[in-house]
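Asker: Each chain, written out:
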Amino acid sequence: MEAVSETDVQFWMAKVVNWGEATSCSALLDTSRHLGSLRSFLQQVLQGLQQMSSTSEAMKTFPFVGQFLGRLCWNPCVIADERSQRLLLRCLSCLYSAEPLNAVEQKANMWIKNMLCHLISEEEGSVAHATVKHAGLTPKRYHSEALQKVVSLMTEEVIKSCNGLPNTSARCSNGNIYVMSTACAALVTCPQMSPLIGALLKHSMLCGTSCLNQEFIKEVSEALIRLYLCVFCLSLLHSKRLVLEDEAVVNLWCYSPSCLEGAAVSLLESVLSDHETMTQSLDKHVNDSLLPQASADHCHIFLTVSEIYRNVLTEIDENLAVRALIQVFTVCFLQRLTGQKTQDRLPLRAFFPHVMPSLLPPLLTAPSEVPREAWLDHLIWIRSLLQSVMENEAGEDVRAYQAVFQAWFLLVQCGYWVDTAAELLVLAAPENAEPLLWLLTFFHHPTNRGHQRSQQTAEAREAWTHLRMLFLTRPPPPRHLSAVKELLSSSLSANLVLHLFLNFTVFSHGPVSIINEINDKVLTEAAVKRRALWILASIRCRLNSAATRDDRVHSRLRTLQDTLLQT
Amino acid sequence: MEAVLRHLTNILELLAVSQTDHVSEWDRHTTLRGFQWAEYCEQLHSRFQCNPAVRSALESALSDTNQRLQQALPSCSPVMFSELAQCQHMLLIHLLTNPSAPNSVIPILFPDPKTAAQDSQFDQNSLITCKSAFNLLCRTSDRTSYAGLHVEAVVRGKLLGNLLNSVLSRTGNDEYARTLLDSILHDSAGKPESLYDVIAAALLSPDDETNSVVPHFILAWLQEHDGCLSKLCKSLSPGLCTVISRQSREFKQAYWGVLKQWASCLEFDVLEGLWVPTSDEPVTFIILTDRFKDLLHSGPPLKEETETELKTLKREAGDFNVKGICIWTDVIIQLKL
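In the order they appear, the protein sequences are chains A and B.
In this note's numbering, each residue's number is its place in the first sequence (first place is 1) plus 258.
In this note's numbering, each residue's number is its place in the second sequence (first place is 1) plus 8.
Isolated chain A, as found in the complex (with noise of 0.2 Å):
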């Protein structure tokens, strides 16, 4: 079985030569343009190599590879990407004989010692030769302190030709820019690169004329999403960090969509992929991503944001975990956008284009902002909002029922006021629980899918009557803990229904000891935990920024976050 094609052997090989040792510019941007594909190549090739029992039997296979691997030793575009460099440096590994039975090995070890050598030092009798061996420092400390000191002083070089350039029509000056963006390629995962990439980037935003190599974009939006995995995952296994500058992220968002796009999808991912962590503390991984920071200060980030989420909920529609995303998001966002000085700020408008705008004060105000005796009123003003809304969905329309999709989206993305109804609903007498229950029921079944409002509405209250009977009555009678429980296992408001109930436990006045025997009894399955575990969290967030803390809620939701976390 071949390890590596022919084709492939000749393509690579005739690159290998053309690029020489890349001191040409043209040499320069080809090596980079293909540095991705080279790096499988290479380990193609590696494979190849780990299967060969000796060293002559890897020769008389792979007759190129002494040439093509020499070669690349010799271009510093490849040698300076760390990833294609240690492919190398293993398959040279793989060449070398420990025990060379035949002349074929023993010069093979040789060449590859010297391979080496050239790696590690400097051609004898150069004056780059003299200053190392005699700086009184180790050959690793001074080129990582010579490397230092060339981004700097080219980082400056690229901050000067910022400086010329006031507004985005101006045409970029320096034709350099490219040539420096393309070796930048290579090094993006040097973590001392950050000060030049940073200024590189911010002058593209500034210049305004696509000044920069696109693989250098590709790369670094690559190596950033890598990053944000790894920090989300919190696996630092095969981290290659990239450390940049808050202001140089923003604006490689803003000079590459799709960029931003993987921003936003890997933030995502990365809250989907791990619960236990992100239920914990999902505000603050949510403002370390930078995307709320980034949407406030533009506009066009905070559109495309939203869109991809709007766009996700719409495949996978009850998801719980999104929806927390989507309302942390959210407040992170608009907390972002109160702290903007007024004269900076856009009209909220701006922000929201698509839904009612008679929807966004009552909606983008906090609860925190509203007195809570007026919570009752604010929330029926919310409601009658959204019932004109629906009432042109009669026509079943697409413009009407958009209109509808963008209130619930919106409804979606200010979820702590669905919190707060869900909160109200505790202690609520049956006369004002309609319009709560009204809202809640919007928020879990927006569509009339099926005609089934009445009968979700109907469910609505009957558990909302089930849970005040089961949690205000010493001892919870047994035919109320059963039918809470038969309504969160039938699949039709299981959501709903949790969301009350855990809204109960955290908020109802009843001794702490009745409370965690109820929850026991009825947060047993698995699946319930963890989508109980996401409601909590966005329980969470809306009392963090709540105007006074109650200490005893505080605990209550602690404690129930541990139960669930602990099984």
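Please keep in mind that the hints were generated in silico from the structure rather than gathered at the bench.
One thing to keep in mind: the hints can contain errors.
Only pairs whose alpha carbons sit at most 25 Å apart, straight line, appear in this in silico SDA-like list of lysine to any residue [said to hold, decoys possible]: (1) A/K407 / B/D131; (2) A/K418 / B/Q255; (3) B/K311 / B/L279; (4) B/K344 / B/L279; (5) A/K460 / B/Q255; (6) B/K199 / A/D809; (7) A/K318 / A/S351; (8) B/K199 / A/K787; (9) B/K199 / A/E380; (10) A/K273 / A/G324; (11) A/K407 / B/L193; (12) A/K365 / B/C58; (13) A/K787 / A/D809; (14) B/K260 / B/A271; (15) A/K407 / B/Y154; (16) A/K418 / B/P119; (17) A/K407 / B/S202; (18) A/K365 / B/L279.
Distance ranges between label pairs, derived from CB positions [unchecked claim]: (19) B/S64 / A/N372: 37 to 47 Å; (20) B/P115 / A/S531: 30 to 40 Å; (21) B/I116 / A/G278: 53 to 63 Å; (22) B/D298 / A/N372: 43 to 53 Å; (23) B/C236 / A/N372: 31 to 41 Å; (24) B/E33 / A/Q406: 40 to 50 Å; (25) A/K318 / B/P115: 18 to 28 Å; (26) A/Q406 / B/F328: 29 to 39 Å; (27) B/S64 / A/G278: 43 to 53 Å.
No residue lacks a Cβ here, since even glycine has one placed at the ideal position from N, Cα and C.
Please build the complex by placing chain B on the supplied structure of chain A, with the hints as guidance.
Answerer: For chain B alone, kept in the frame of chain A given last:
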């Protein structure tokens, strides 16, 4: 102290042996011990580099051992104190370049990157990455935008300047600093022009322009080496010499001195009506005037100072106003001052 000197001797013997065929007897254990000793040696260097008393004791021990080893093993090279900072690297290079080194030793020194820990003693990845990243970036910036110097020279010059600064910041290290420059000169004998660029960058290097320790020292060293200053000035462009003159009064004086010396090598050829070189120095009248032209285009105060200097030279040489008698007259006429 005795123990330290003994250890130092051991290291040198180790390094010497690693260049001979006796190294074929080394096994894994010996090799690793060798690198441990080399690491210890590096620590010695870093602790005592700027301490004149201890260092000179170490240096004389080194010198003795070097002599002794040269007699016993003529093929091995002497080790200078400054090189001790890279002891492990030296040992590694010796093992890589010595054909007698046992084959089993190399894989120990270059462990499989996949299984080796990131910060293992033998991890060369960050060295290779930094080195090639540095090379790569230097190539992309081939416009000479740093006072006419290539960015690689600028960086190496700055690092050299920093080294000299830290060595000279403690008293009693002048001799050692001189040795460093001597060694660098010796080891780059192949390409002196590149070295001059680095030295120029080192002259320009102090970020704090009031710190004249390093430029002063380098100039003194240049003047000690016969013809070195003149070669340096010849190698550097007129523009660069002007920039350095603006930054350092001392260099300006020295530069003028070199120009005067060049001028003294020119003689007026009556038949041709030109000033022609008399010695091997390839300095012509045009080159000389170009140098002054650049100085005069630099702006105050260097412009005025140079004008004054030329006029003084003309006056001191007899204040002739006719061409062909005094070179300074002709220079002034040529430059239309």
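Asker: Give a verdict on every hint.
Answerer: Structure-based check of each hint:
no., hint, verdict
1, A/K407 / B/D131, "23 Å, holds"
2, A/K418 / B/Q255, "22 Å, holds"
3, B/K311 / B/L279, "34 Å, violated"
4, B/K344 / B/L279, "24 Å, holds"
5, A/K460 / B/Q255, "33 Å, violated"
6, B/K199 / A/D809, "76 Å, violated"
7, A/K318 / A/S351, "17 Å, holds"
8, B/K199 / A/K787, "73 Å, violated"
9, B/K199 / A/E380, "14 Å, holds"
10, A/K273 / A/G324, "15 Å, holds"
11, A/K407 / B/L193, "23 Å, holds"
12, A/K365 / B/C58, "45 Å, violated"
13, A/K787 / A/D809, "24 Å, holds"
14, B/K260 / B/A271, "16 Å, holds"
15, A/K407 / B/Y154, "13 Å, holds"
16, A/K418 / B/P119, "44 Å, violated"
17, A/K407 / B/S202, "19 Å, holds"
18, A/K365 / B/L279, "67 Å, violated"
19, B/S64 / A/N372: 37 to 47 Å, "38 Å, holds"
20, B/P115 / A/S531: 30 to 40 Å, "38 Å, holds"
21, B/I116 / A/G278: 53 to 63 Å, "33 Å, violated"
22, B/D298 / A/N372: 43 to 53 Å, "45 Å, holds"
23, B/C236 / A/N372: 31 to 41 Å, "35 Å, holds"
24, B/E33 / A/Q406: 40 to 50 Å, "42 Å, holds"
25, A/K318 / B/P115: 18 to 28 Å, "22 Å, holds"
26, A/Q406 / B/F328: 29 to 39 Å, "56 Å, violated"
27, B/S64 / A/G278: 43 to 53 Å, "48 Å, holds"
Of the numbered hints listed earlier, those contradicted by the structure are 3, 5, 6, 8, 12, 16, 18, 21 and 26.
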